[in-house]
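Asker: These are the residues of each chain, in order.
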Amino acid sequence: MNPHVTTPAIPGILPGGHETHSEPAAPVVYGLLAEFATSDDLVAATQKAKAAGYNHMDTFSPYPVGEAADALGYTKSEMGPVMFIGGLTGACSGFLMEYWCNTYGYPLNVGGRPYFSWPSFIPITFEMMVLTTALTGLFALIALCGLPRLNHPLFNSKAFDRATKDRFFLCIEAEDPKYQADPVATLAFVKDLHSLSVEEVME
Amino acid sequence: MATAEMPPGTRPPAGLPLEPEMHPLVQNEHTLVSVGEALGSVVLTRKHPKGWWIGFLAGFAMLQILGIAVTWLFYMGVGIWGINVPVAWGFAIVNFVWWIGIGHAGTLISAILLLLHQKWRTSINRFSEAMTIFAVMCAGLFPLLHMGRPWFFYWLYPFPNVAGVWPQFRSPLTWDVFAVTTYFTVSLVFWYIGLIPDLASLRDAAQKRWQRIVYGVLALGWRGSAIHWRRYEKVYLILAGISTPLVLSVHTVVSFDFAVSIVPLWHATIFPPFFVAGAIFSGFAMVVALVIPVRKWYGLQDFFTDHHLDVCGKVMLATGMLVCYGYFSEFWMGWYGHSLYEWGTTIERMFGRYGWSYWCLLFCNLVVPQLLWSRKVRRSESWLLIISVFILIGMWFERYVIVITLSREYVPAAWGQYSPTLWDYATMIGSLGLFFTLFFLFIRYLPMISITEMRELLPRKQGGGGGHSLMENAP
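So the sequence lines, in the order shown, correspond to chains A and B.
Here my numbering is used: position 68 in the first sequence is 68, and no number is missing along the way.
Here my numbering is used: position 266 in the second sequence is 266, and no number is missing along the way.
Please keep in mind that the hints were generated in silico from the structure rather than gathered at the bench.
Just so we're clear, the structure is a prediction, and the values are computed from it rather than from any experiment.
Treat the hints with caution; some may be incorrect.
As the list claims (entries may be wrong) - The calculated DSBU-like cross-link candidates involving lysine-lysine, where the alpha carbons are at most 35 Å apart (straight line), are:
hint	chain 1	residue 1	chain 2	residue 2
1	B	Lys376	B	Lys314
2	A	Lys50	B	Lys376
3	A	Lys165	B	Lys119
4	A	Lys158	B	Lys376
5	A	Lys48	B	Lys296
6	A	Lys48	B	Lys376
7	A	Lys76	B	Lys376
8	B	Lys50	A	Lys50
9	B	Lys314	A	Lys158
10	A	Lys191	B	Lys119
11	A	Lys178	B	Lys296
12	B	Lys47	A	Lys76
13	A	Lys76	B	Lys50
14	B	Lys119	A	Lys48
15	B	Lys208	B	Lys376
16	B	Lys376	B	Lys47
17	A	Lys191	B	Lys376
18	A	Lys50	A	Lys158
19	A	Lys158	B	Lys47
20	B	Lys208	A	Lys165
21	B	Lys296	B	Lys376
22	B	Lys296	A	Lys76
Claimed, not checked - One side only, chain B facing chain A, incomplete, derived with CB under 8 Å:
hint	residue
23	Val33
24	Val78
25	Val186
26	Ala240
27	Val253
Ideal Cβ placement from N, Cα and C applies to all residues, glycine included.
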């Protein structure tokens, strides 16, 4: 989140319980959350929002919807190269470890075979490659997704519980320049997306 | 076919399946909500059936036997086992190979069948991945206990030490350490990554506070963002891609433990494929033996359908025939190779002191699985259950027959005999207890069928992804 963005809530559409005008600081909007019944509606709405010039947005669904990611402009994930580098590092370090151990660390004559008998180092090189690829994948996935993050503004929305169940959501975030320029027009735009409901989510 | 005319990358309109489905993989008109409820309620709200308690308590009782056996072992040392000089590994390696073989079916189902677009894998993959992890735990137990001083297990790994000693990497036993460690870790990573969206689903569906906290923490705050999904699918696909050679490599390395030696009938190039096929054979038998009672207790026949059992039966038949080809090949090489020792050991294996175990193995692995040619048998729960138990026993005997070969090799002076003691049996039964305890805890506390993947598998008119499978979304 951009800390400089402090978009005030749009008067009149605050969900229940959030109309706290007496609080010293006005509640800050995280974004507008639109709810859809099917993945096709979600994809159509996302494409429309992209075409309208919104960039800071995200979609949420109970199972992967590739077209939604395409519509967001995230057509290719970075995990391939990341895991490749992880695997390569593991393979090289595994091989070098074996080379060093059996050639310099503790050279042992086994049946007259050379100390650097590289063919017998291949199985462990392979295993190390697989191990580091998998661990790189796990940690890179968690890190790039910004997880673990147990609190998120979207969890303030009650309707959002269904994002892991049977509903599809589009969130236009408040830090989007177009939203910043005209929050009211953005709200009107989102309401026009034929969603089941629109909610303003607070930070 | 309509899908063939469409430009690549587009999905067919709702209602049109991606491919003609001959067998519905989810029975009845399930929706996104009903799938979540059917699978999530097992963990969150439903009372646990009597069968679960019986299974769990039986497993837990056997686990106590393991506790006693291991305590006595730590006190007395490995001398309480029947191992001796010609047969130095005994039950420990028999059980190690048996368990790790069972684990391999889980990886086959979750990784290899994913790459092969076998969508029927979806309902049994979580279940069998869990089976893999617990089976590898049981497998790992045996070499550790057999070491005599298991508290020095870390000596197996290269680490700087005052003695200046480093492992000898030309030995398959060292490879085995790395292979099994990697296999366990990668299986765990694969399983956990698959679980994350389901844990988030449980977190949002849970009513009880402790469930929300525990599943919430384990779900790491997963929100189902499209960008996260895209990364997730790519990781999942690559993990499947690397797990495929991994599972083959692990059992290949296990077979090298034998094949790299010069013991007659062990020193054979058939060993790696023979071992891998046997692993999958026994692993599928374990999957079937677990699925049949569990689906009955929890009424999950909509997801574990008869079609799934049918396919598992076919896989068992095919891998069983591969294994039997291995037996034939061993016999053939013994005869055709004109080596006195190879042939002598073959005869000894068939008609010697331990000959009964060879015929037992052939009966369980060659004769009994022939019943699977019949479609009626493959669709009958009781027949499949009986056959899979026979296969599990048969595959145990296969490893026993291989290990017992050591009792007769080249020089008569080195001949000996092997008989397991009470503590060998106690440790073996105890490992079954460990497996069942962990497995029953798993089906109680985690979704045994992937909720996310089942939702994706639903036809599009029921709200699902139309049988879209993970890898089709992962550029």
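Asker: Indicate, hint by hint, whether the structure satisfies it.
Answerer: Status of the hints after comparison with the structure:
1. Lys376/B with Lys314/B: holds, 12 Å
2. Lys50/A with Lys376/B: Distance ~55 Å between Lys50/A and Lys376/B Cα, so the pair is violated.
3. Lys165/A with Lys119/B: Measuring from Cα to Cα gives roughly 21 Å; hence the hint holds.
4. Lys158/A with Lys376/B: violated, 50 Å
5. Lys48/A with Lys296/B: Judged against 35 Å, a Cα distance of about 47 Å means the pair is violated.
6. Lys48/A with Lys376/B: With a Cα-Cα distance of about 54 Å, the restraint between Lys48/A and Lys376/B is violated, given a limit of 35 Å.
7. Lys76/A with Lys376/B: Violated. Lys76/A to Lys376/B sits at ~47 Å, over the 35 Å cutoff.
8. Lys50/B with Lys50/A: Not satisfied, since the Cα-Cα distance of roughly 54 Å exceeds 35 Å.
9. Lys314/B with Lys158/A: violated, 47 Å
10. Lys191/A with Lys119/B: violated, 38 Å
11. Lys178/A with Lys296/B: violated, 56 Å
12. Lys47/B with Lys76/A: violated, 44 Å
13. Lys76/A with Lys50/B: Distance of about 48 Å is beyond 35 Å: violated.
14. Lys119/B with Lys48/A: holds, 33 Å
15. Lys208/B with Lys376/B: violated, 44 Å
16. Lys376/B with Lys47/B: holds, 33 Å
17. Lys191/A with Lys376/B: Given that 35 Å is the threshold and the Cα spacing comes to 57 Å, the pair is violated.
18. Lys50/A with Lys158/A: Within the cut-off at roughly 26 Å; holds.
19. Lys158/A with Lys47/B: holds, 28 Å
20. Lys208/B with Lys165/A: Since the Cα atoms of Lys208/B and Lys165/A sit roughly 18 Å apart, the hinted pair holds (cutoff 35 Å).
21. Lys296/B with Lys376/B: holds, 19 Å
22. Lys296/B with Lys76/A: violated, 42 Å
23. Val33: With a minimum Cβ separation of about 5 Å from chain A (threshold 8 Å), the hint on Val33/B holds.
24. Val78: With a minimum Cβ separation of about 26 Å from chain A (threshold 8 Å), the hint on Val78/B is violated.
25. Val186: Hint on Val186/B: holds, closest Cβ of chain A at ~4 Å, below 8 Å.
26. Ala240: violated, 11 Å
27. Val253: Hint holds; Val253/B Cβ to chain A Cβ min 6 Å, cut 8 Å.
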